[in-house]
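Engineer: Sequence:
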Amino acid sequence: MRAIVINSRDGTVVEIDLVPTLDCLQQIVDGLIEPVEQGLDDEHHCYVNEEGLLDNPQHFFMFTDGHQPLAGNGIILASTGDGDEAPCRLPLEWVKARVTFMDFDAVRRWCQDHDQGGSAPDQLEPNPWTTKIEPTEWLYRPLLRPASFCTLPEGLSWNYIEIPGEYAADRPDLPISRHRFGIIATTRQLTAKERYTFDLEQVSGAPCSKD
1044 MRAIVINSRD GTVVEIDLVP TLDCLQQIVD GLIEPVEQGL DDEHHCYVNE EGLLDNPQHF
1104 FMFTDGHQPL AGNGIILAST GDGDEAPCRL PLEWVKARVT FMDFDAVRRW CQDHDQGGSA
1164 PDQLEPNPWT TKIEPTEWLY RPLLRPASFC TLPEGLSWNY IEIPGEYAAD RPDLPISRHR
1224 FGIIATTRQL TAKERYTFDL EQVSGAPCSK D
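The number in my numbering is simply the position in the sequence shown, starting from 1, with 1043 added.
The set of hints was computed from the structure by calculation and includes no laboratory data.
Heads up, a few of these hints could be off.
[As the list claims (entries may be wrong)] Pairwise CB distance ranges (calculated): (1) Asp1085 - Ile1059: 17 to 27 Å; (2) Asp1146 - Asp1084: 36 to 46 Å; (3) Thr1143 - Glu1058: 11 to 21 Å; (4) Glu1237 - Asp1146: 19 to 29 Å; (5) Pro1063 - Asp1084: 10 to 20 Å; (6) Trp1181 - Gly1124: 45 to 55 Å; (7) Ala1140 - Pro1063: 17 to 27 Å; (8) Asp1053 - Arg1152: 36 to 46 Å.
What you are looking at is a predicted structure, and each value in this text was computed from that prediction instead of being measured.
Each residue gets a CB set at the ideal place from its N, CA and C atoms; glycine is no exception.
Produce the entire structure from the sequences given, and follow the hints as far as they go.
Structural biologist: Shown next as structure tokens:
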């Protein structure tokens, strides 16, 4: 069955022939599959890794008219009237022209631009680089990766309270944290499941002073 595979690490868009079994699709996207339709026509969908945003992604792609950057690889297939998989009918060159590859810094800039323009998806707001949230009692330390829209519960409002050293230039008003990935404040308390899923440790006490 004809499919188009988008490889964000290599920056390639290629045609392949595959048998669209669950194992095959999961192997290509390196995880659980989730269909995305934004940026394609009504007859096609693109499978991506459902949990790709949890794995500290560095390579992304985005469709023209897509709703946000997508982490990892994608597989484009069509659907039958019964909802089964069908061969992709999109021209390869058409897909290539509508795919933009992005690294993590480019995605961060995209988030900044879209938050400032007021047109960002809900899960990307507020922008932690430009929007200040007053410190709350709910402070968390990311254990394995920097905090971002990719690595926190969807729709969570948050901001850095102590900034990671690598981001110091973005928020010179904040103290540099002794913790590798800084400390964030959230506007609600996270559940135990959320803390476990997103590798966050709750901390207590006021953040350190800028001085």
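Engineer: Hint by hint, say whether it matches the structure.
Structural biologist: Against the structure, the hints:
no., hint, in the structure
1, Asp1085 - Ile1059: 17 to 27 Å, "23 Å, holds"
2, Asp1146 - Asp1084: 36 to 46 Å, "28 Å, violated"
3, Thr1143 - Glu1058: 11 to 21 Å, "19 Å, holds"
4, Glu1237 - Asp1146: 19 to 29 Å, "27 Å, holds"
5, Pro1063 - Asp1084: 10 to 20 Å, "19 Å, holds"
6, Trp1181 - Gly1124: 45 to 55 Å, "48 Å, holds"
7, Ala1140 - Pro1063: 17 to 27 Å, "24 Å, holds"
8, Asp1053 - Arg1152: 36 to 46 Å, "22 Å, violated"
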